[in-house]
Amino acid sequence: MADLHLSGDRFHIRPAKKEDAEAMTGVYYNSEALDITAMPKTAEVPNTHAIHQWWNDAWRIGLDNPTDRTFVVEDTQNDNKIVGFSRWMVPQQDGNLERKWPEVKDDEWDMEVAGAFFGGMEENRHELMGTKPHWMLEMLGVDQECQGQGIAARLIKWGTDQADAAGLESYLDASEKGLPYYKKRHGFGAREKAVEIPKKEPYGKYDYMSIVRAPQSKK
Numbered sequence: 001m002a003d004l005h006l007s008g009d010r011f012h013i014r015p016a017k018k019e020d021a022e023a024m025t026g027v028y029y030n031s032e033a034l035d036i037t038a039m040p041k042t043a044e045v046p047n048t049h050a051i052h053q054w055w056n057d058a059w060r061i062g063l064d065n066p067t068d069r070t071f072v073v074e075d076t077q078n079d080n081k082i083v084g085f086s087r088w089m090v091p092q093q094d095g096n097l098e099r100k101w102p103e104v105k106d107d108e109w110d111m112e113v114a115g116a117f118f119g120g121m122e123e124n125r126h127e128l129m130g131t132k133p134h135w136m137l138e139m140l141g142v143d144q145e146c147q148g149q150g151i152a153a154r155l156i157k158w159g160t161d162q163a164d165a166a167g168l169e170s171y172l173d174a175s176e177k178g179l180p181y182y183k184k185r186h187g188f189g190a191r192e193k194a195v196e197i198p199k200k201e202p203y204g205k206y207d208y209m210s211i212v213r214a215p216q217s218k219k
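Last residue of the sequence shown? That's 219 in the UniProt record's numbering, and every number before it is there in order.
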């Protein structure tokens, strides 16, 4: 994606850089329903300094991954503050989209819930996609104050356009709140499978669905 502007030039989309990591983490914790990984921030991903640093490191590691295409969105009316991000993973011939992550420490995470969440997503992807090459929208977040202005739609469409052009499927893991949006607006739902996560009272209710989008021909 080349640099582009949305909403009368207010929002500027560009490739992410390592120095954007902290701002991307801030958006992650303020994106709620539109966050691809919108886990309860007191559950799988506690809102602590250590976990903020974990996410900062995760963004930077990802930017070294040749299969990643990571973008950020700047608000030109607010000192170019980063208000959105996305990370697509490009297709691999064997369907493998494995990646490196920072170390996960047992004393900083609820490992039962986090393990089921992250592990469940990976199991679902292998079950739904097998070894077929596909595009994967791994991360998406838009600051709550800037939602509803076409930012998420543009970030998603960039990848689904690539998939359509190549005749490939797209995959993502959706939160319960975000699921209707991905289905109705972007055509996901050709196949789906729930992510099995143990329910724990302190975290409230949360459900996630792994969903596939079939390639769509241009009319």
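Honestly, I wouldn't trust all of these hints.
Computed beta-carbon distance windows for the label pairs [claimed, not checked]: (1) K132 / D64: 20 to 28 Å; (2) R191 / T76: 20 to 28 Å; (3) T48 / D207: 18 to 26 Å.
If you're looking for bench data, these hints aren't it; they were derived computationally from the structure.
By construction, the Cβ of each residue, glycine as well, lies at the ideal position given by its N, Cα and C atoms.
Hints, verified against the model:
no., hint, result
1, K132 / D64: 20 to 28 Å, "26 Å, holds"
2, R191 / T76: 20 to 28 Å, "39 Å, violated"
3, T48 / D207: 18 to 26 Å, "24 Å, holds"
Consistency note: the structure conflicts with earlier hint 2 alone.
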